[in-house]
Amino acid sequence: MIKLEFYAALKDHFPAWMEVDDTLKDVRALRKYLVDRDMSASVLLAQCRFAVDDTFVDEGHALRAGDTVLVIPPSSGG
Amino acid sequence: MIKLEFYAALKDHFPAWMEVDDTLKDVRALRKYLVDRDMSASVLLAQCRFAVDDTFVDEGHALRAGDTVLVIPPSSGG
Amino acid sequence: MEHLCTEHIDVGSLWQRSHHPEAGGLVLFSGEVRDNHQGKAVSHLYYEAAESMANNMIAALLEEATQRWGLHVAIAVHRLGKVAVMETAVVVITGAAHRKEAYAANQYIIDRIKHDVPIWKCEYFAGGGRIWGGHCSCKEERVDESVIF
Amino acid sequence: MEHLCTEHIDVGSLWQRSHHPEAGGLVLFSGEVRDNHQGKAVSHLYYEAAESMANNMIAALLEEATQRWGLHVAIAVHRLGKVAVMETAVVVITGAAHRKEAYAANQYIIDRIKHDVPIWKCEYFAGGGRIWGGHCSCKEERVDESVIF
Chain A
1 MIKLEFYAAL KDHFPAWMEV DDTLKDVRAL RKYLVDRDMS ASVLLAQCRF AVDDTFVDEG
61 HALRAGDTVL VIPPSSGG
Chain B
1001 MIKLEFYAAL KDHFPAWMEV DDTLKDVRAL RKYLVDRDMS ASVLLAQCRF AVDDTFVDEG
1061 HALRAGDTVL VIPPSSGG
Chain C
2001 MEHLCTEHID VGSLWQRSHH PEAGGLVLFS GEVRDNHQGK AVSHLYYEAA ESMANNMIAA
2061 LLEEATQRWG LHVAIAVHRL GKVAVMETAV VVITGAAHRK EAYAANQYII DRIKHDVPIW
2121 KCEYFAGGGR IWGGHCSCKE ERVDESVIF
Chain D
3001 MEHLCTEHID VGSLWQRSHH PEAGGLVLFS GEVRDNHQGK AVSHLYYEAA ESMANNMIAA
3061 LLEEATQRWG LHVAIAVHRL GKVAVMETAV VVITGAAHRK EAYAANQYII DRIKHDVPIW
3121 KCEYFAGGGR IWGGHCSCKE ERVDESVIF
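Protein chains in written order, with this note's numbering: chain A, 1 to 78; chain B, 1001 to 1078; chain C, 2001 to 2149; chain D, 3001 to 3149.
Everything hinted at is true.
Below, in silico cross-link-like pairs of lysine to aspartate or glutamate (EDC-like), each with a Cα-Cα straight-line distance of 16 Å or less: (1) C/2082 with C/2035; (2) A/3 with A/22; (3) A/11 with C/2048; (4) D/3100 with C/2111; (5) B/1011 with B/1038; (6) A/25 with A/67; (7) B/1003 with B/1067; (8) B/1011 with D/3048; (9) C/2040 with D/3022; (10) A/3 with A/19; (11) D/3040 with C/2022; (12) A/32 with A/58; (13) A/3 with A/53; (14) B/1003 with B/1026; (15) B/1003 with B/1053; (16) D/3100 with D/3022; (17) B/1003 with B/1054; (18) C/2100 with D/3111.
Think of the hints as simulated: they come from the structure by calculation, not from any bench.
Sequences and hints are given; from them, build the entire structure.
Rendered as C-alpha cells:
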C-alpha cells in the first residue's frame, strides 16, 4: 500500500490521509487517479506538488509499496 | 555677527562654535574664509554642507547678521 | 520543532538572542494578521503545515541564506493553528556585518517560506465563511493554473 | 527629541507599539555596534548630531515615507553619545499592508539617515585612537572628495 496525506483545501475533497494500492506506478498516475476520484478537485490537483520522504518529487518519480506521499497544494504561509 | 557651529571631525580644527563678522556675503565666501583660516581642514571643508535655520543651503545663499550657520561634514549616522 | 510553533511567538525573546559582535545590521520581519482581505473583514487565520517537511525546509533555507550572505544571525519561526488579528504569524531575523546583506537575506527567506514551504493559511471571515490559501502580495510569483499541465 | 536619544534604545518597547490591524508586514532594522572596523578592534562608538536639525529631518523623512509607501507604522530613533558593542545605535520600524512596501520604506529611511541626516559617528579603537565618520557599507554612495569643488 501507499499512504497519501492531504493538506489544506485538499481536505475539502479527500480525507486527511488514505491508503491506495501500489499499482499506481508513478506520481503522474497518482495525480490522474486522484482527479478521476474527485473531478471537482481537478484544478486544485493540477496546482499540487507531491513529496516522498519529505522531498518534492517530479511527475516521473516511481512509487513503491510503503511510501508515504504528501499531496501539497500551493504554499501560502506567512 | 554670524554664529558658526562645527560638528564631528571639524572640531579637531575649529571650536564647537565661534562668531564671525557679517562681511562674509554668502556660503561660498564663508567656506573660503574657513579654508584660509585652517588649510589643514581644506579637504574636509570641501566635503561639508552648510545649513541655516536647520535647512541645507547652497553656495550662493546670502548670509545675514544674526544667522546661525551649521557647518555639516558628511553624515555617518547609523 | 524549532521553526514551527503552536503558541504565541515570543518575538521579544527571539530578538534578545539575535545579537552578534560582528553583526552591524539586524533585520526583523514579522508577518502579522490583518483585519481584512480585499475589503472583507477577517476574524482570524488558521495555519497548518506538512510539519516535518516544513521544519526541515526552513532549517535548510536558513543554512543556505547563511552561506550565501555570510549571516551571523538567521532565525525563522512560523506559527501554526489559530492566529488572531495583529498577532505574528511568522518572524524572520537576519544579521550580517552590513545591512544590505541582512535585508536581502531576510526577504529571500520570507519569500521562500511563503511560496515554497508547505504551510497553508485559511482565512476566516467575520461575516462567516473561510478560504484556503489566498494570494501572496507578490503577484508575479503567484502560481498560475496554466503552467503545470 | 522624539527621534534622538542619549540612553539605551528600548527596542522591545518600540516594538510593542508597532502593530496595526491593517499592517500585515512589519520590518525592524537595528544598526548595532560591531566589534571591528576593517579588522581593527573597536572599543565603542560615540555619536553626535546637529540635534534639532537631525530630529526635524528624521520626522520629515518618516512623513515622506509614510505618504510614499502608505505606511501604517513608521518609527525611527537614533542614539547619541557613547554606544557599546552589540548595542543598538539606530532603529527603524516600518509597517505596511504588504511586506514589499515595509522593506522598501525601511531601507529608504535608514539610507537617508546614514547619508543625509547630520549625525556623525566616531569610532574608538581598542588599541587607542579614534576616527570620525568612516564609510557607509554602501560604497557607491560614498562622498567623493572630487565632486564638490
